[in-house]
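Student: These are the residues of each chain, in order.
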Amino acid sequence: MAASAHAMGEPHEAGDGALRLEYAHAHDRLRILGFWIFLATDMILFGCLFATYLVLRTHTDGGPTPAQLFDMRGFGAETLALLTSSFTGGLATLSMREGRGKFVALWMAVTVALGMIFLAIEASEFAHDAFIGATWQRSAFLSSFFTLVGTHGCHVTFGVLWMLVTGYQVLRRGLNPSTARKVFVVNLYWHFLDVVWVLIFTVVYLTGMVI
Amino acid sequence: MNPALRQFADHFLMWNEGPLIWISDALIALTVVGIVVTLTYTKRWGWLWREWLTTTDHKRIGIMYLVCALLMLFRGGVDALLMRTQLAFPGEHFLDAEHYDQIFTTHGTIMILFMAMPFIFALFNIVVPLQIGARDVAFPYLNAISFWLFFFGALLFNISFVFGGSPDAGWVSYPPLTELGFDPGPGENYYLVAINLSGIGTIATGINFLVTILRMRAPGMTWNRVPLFTWSVLAACIVILAAFPALTVALALLLLDRLAGTHFFTILHGGNPMMFINLFWVWGHPEVYIVILPAFGVYSEVVATFSRKPIFGYKSMVASLLLISVISYLVWAHHFFTMGAGADVNTFFAIASMCVGIPTGVKIFNWLFTMYRGRILLTLPMLWTLAFIPNFVTGGATGILLAAAPEDYQYHNSYFLIAHFHQTLIGGVVYGMLAGMYYWWPKMFGFKLDEKIGKVAFWLWNVGFYVCFMPQYALGLMGMQRRMYTYPANMGWNTLNLVSTIGAYLMGLAFLVIVWQVLYSIRHGERDVTGDPWDGRTLEWSLPSPVPEYNFAVIPTVTARDMWWAAKHEGQMEHVRPRAEEIRDVHVPKHTARPFLIGLSFFVAGFGLVFQWYVLTVVGLVGVLCCLLIRALEEDDEVVIAADTIRHHEATLGRV
Amino acid sequence: MDSVRQRGRWWRFGLLVFAPFALAGCGQDVLVLHPAGPVAKEIDRLIVLSVILLLVVIVPVLALTAYIVWRYRDKPGNRAPYAPHWTDSRLLEWVWWAIPVVIVGILGAYTAKTTFALTRPPESNSDVVTVDVVSLDWKWLFLYPDEHVATVNYCVIPTGVPVQFVLTSDAPINSFWVPQLAGQEYTMPGMALRLWVQADEPGNYYGHGANFTGKGFADMAFTVEAQPEQAFASWALMLRQSAPPLTQAGYQQLKAPGVVGRISYGGFPKGLFDQVVWEDGGQYMPGMWNMTSSGHSQASSGSNLASLSGGEGR
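Protein chains in written order, with our numbering: chain Y, 8 to 218; chain W, 782 to 1437; chain G, 26 to 339.
For reference, chain Y alone in the conformation it holds in the complex (with noise of 0.2 Å):
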């Protein structure tokens, strides 16, 4: 891997013309490449899944519609949360950038933060839902809802592992070549899902508090 560090092509260069720091090393220029054309394959994932939803969203079944399930202020608080967390997580990049490992840390601390309070208000939103007799049993609509929707959830669970294991990695190791890239790229997936996130509220709760 290392000794493969021949024609990598072009190292991305800050504008100083220095080399950044998660683009010091060949493997570490790898991962990055390597981890973007994994969100291009999860982008099309949640494509299916916007697709199945967009197909499924008016078969009700006679059950709960997109309009009387929907609650402006659940979704909202959830949409503030995370695009406030996608800001905190650059602000971590930002951070590493400069060298300073421990705001990258704090920086990190908040977005999972963040991350956790959208978890709990979506899972207090499904929570009712499902209260209400709105599950994901009950029409096909809702099986497509809380699949699409929880998918994305299930994303963001995992991402707050990730920001975990590596704010601590970067508090535990500090900032080199290896730990800027895992920073880099968790922030990068973090991104991903905010602009996930989106989509989730343009095409699922705006679109069907309209429709």
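Read the hints as simulated data drawn from the structure, not as lab findings.
Do not rely on the hints blindly, as some may be mistaken.
[Unchecked claim] Here are some, though not all, of the chain G residues that point toward chain Y, as calculated from beta-carbon distances under 10 Å:
#	residue
1	142
2	308
3	309
Values in this document were obtained by computation on a predicted structure and should not be read as measured data.
Beta carbons are placed, not taken as given, at the ideal position from N, Cα and C, and that holds for glycine.
Given chain Y, put chains W and G in place with the hints provided.
Tutor: For chains W and G alone, kept in the frame of chain Y given last:
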């Protein structure tokens, strides 16, 4: 007998179902005992664990894929022979409907997902890094995980026949037939879980090889100099990455329907079965291009090598590969022309499907003109390639007939369709994989496979193929539809079915001859001492056979398209052969048991899902998370092979 | 050389294998190539045309392959030219990009024409006859909305009259295939798809489910009996007068998985077909369920053939 035991034996082991199950049980038991005894007797357990199960070396992983692919070819082939035996005569009772249904389902699933896929991955792994002048793939650890996910997925799928029952709704697994109401029991769960397990591994492989080819080519290997097999892998990886997520979703949603009671594809409560069919074929059609593209790559290498001429029309060949991978996304609805789409939609998909014939036709012409004014050596890889051309041309032509939507109203679901896709998948993919296996076998193992025995197998197989499948075209036109476990005697189908069965047995015989060929050649095969037994053209032939762990003592510099040919014949040798003073330490990844354990954990989790024993699922997933956590906290995963060691090794091979 | 002799054998084997195929092509057993009505004939014409077009390419390619392999094989004293540096020719590349494009162009145009043609009823002066078809596990139910009779595993149609089969399923997806009359169309739960059929001559035509539906699938054969119009009318009349009607309870019984023989009914519950389509998901497919039969559907007022809209069969 203890009633509880009795119930277990009947319910899970299906011992009340008769000799087919007993024979399978006995064969499996014999095989396992045989393997255990052999390993113990030869004291090879440690060797197996250290050298293979924990390896991250792409060449060894490739060989493991190859072994699995051949085993699965055997399993799928036995399924095929059982079916053909049942269909040899009208109204037979060799198999009952339930067993026949299970067998055609496992046959299709295994041949596509657990035979063709690992076969192409075997060649990906063995060839690509060597061809582009790299020391390994981009992510060796992930590569091992991919393999073990495939392996345990295949294992899970294969145990279904003797533990709980196999899936029995066809390899396409259309709901609502596969919903709980029509198909209770674990069989369908096996299908959904096993394929998704190996599917995750497949996506990882796609990422791995895409990054490898994008970023790890030797200095000087511009896109214009990349060997065509590597190009074909690149194209296949792009298709994998865009197509497999759709399969993951389709199977996961159907699994939710079955395990959690959701209504994605049910008839009632608003489910829409057609959604599954769309998702499935959005993956399913690109899938056949995923397996055929690398075969095209093999043919390109073989034709050039054994015509002793560079490939004709290199740029056209690359363009057609990429064009096929793009078109492959625009044709999925041709699998259901007769499912109520409007004439406009059908016309679009019909013409798009026909368009696949354009780049494919171009490739055929370019292969022909590579041979034109060449010097054709009829070695085994070349024979399979030459047999591929007429086979694929006619198989492709019947594909164009099927693509014409109105004609599909007659061919669809009939034996005409069966004959067509077997002709393209066997004549295209399997021939390509066998050609590739024969071609790179000396590179893997250091000896050639015996030509004489190989020619016997070749002719048996080819004659068997036409005897088996040509009658099936006719049967389709005579109105015989696929997946019937038996047929009436008064339709005029009897003779052709018997002929077809005879052909199938000839192919089975050919497989046995190939097995004999391998066994014979291990002892008597011609040794490859030069590393270049075929007078090859690309970089893998510049290395000794078998290739040392570090691949290249010194990374070569590429100055031409067929670099090794240029080195040999155009005085470019100094760019390829290592010089002792240039040899440096090489870092290779450590051996690790974790990929194996991740696969095993997923297996346990998946087994829990199949039988809804969720404790196992939780245990398995915790195992997976633990492995991931240990990996995340791992600081150093490489070992160094010292320059002196390499120098010494290369010197004993007489290369420096 | 050895391989040349083998190649000769190859072709002889080929003849042997293709012989039954060619012979069968002439036999009456090859249903697809013996169309008995205008719809199947239209398909048959396209089959013949496309086979000829493809043979124009295949035969020369196969001949060229054989020639090249024979001429440029590696054997001592082969005087054929060897040009290891001849690897590109713009002219030739143009030629073989163009050949398949032209073939696909021609075939594509005819395919489009036929595809659209098949959505229209066969030309005829007679009124259209409608037969609603429900595939069940593992039997076929035919409902005649105008004649008010029903049958299982066989149906009768008048000759020389366009018949529209309106297809659905109240079980897993199947496919309704009558090779000599019209090809096939899927039967989908919650959807009503149309297949045009016309029989020119009286006769019994083989039909079978074509999409796998489970263990009774091999028994899903049915017969389409074409009779002169007069005979068809009197058959329906006879059934109405003598056969017991199908009831809702009887339908539920029929729906249970199992294999049955031929059954005739002198009537059936009004709107049964629409009810099946609606309940199995047709309610979510506007323009689908109410295209059915002749206007006795639940929710549409006076639905008829003119209301056929998106998602129609053909």
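Student: Would you list, in rising numerical order, the hints stated earlier that this structure does not obey?
Tutor: Hint 1 alone not satisfied by this model.
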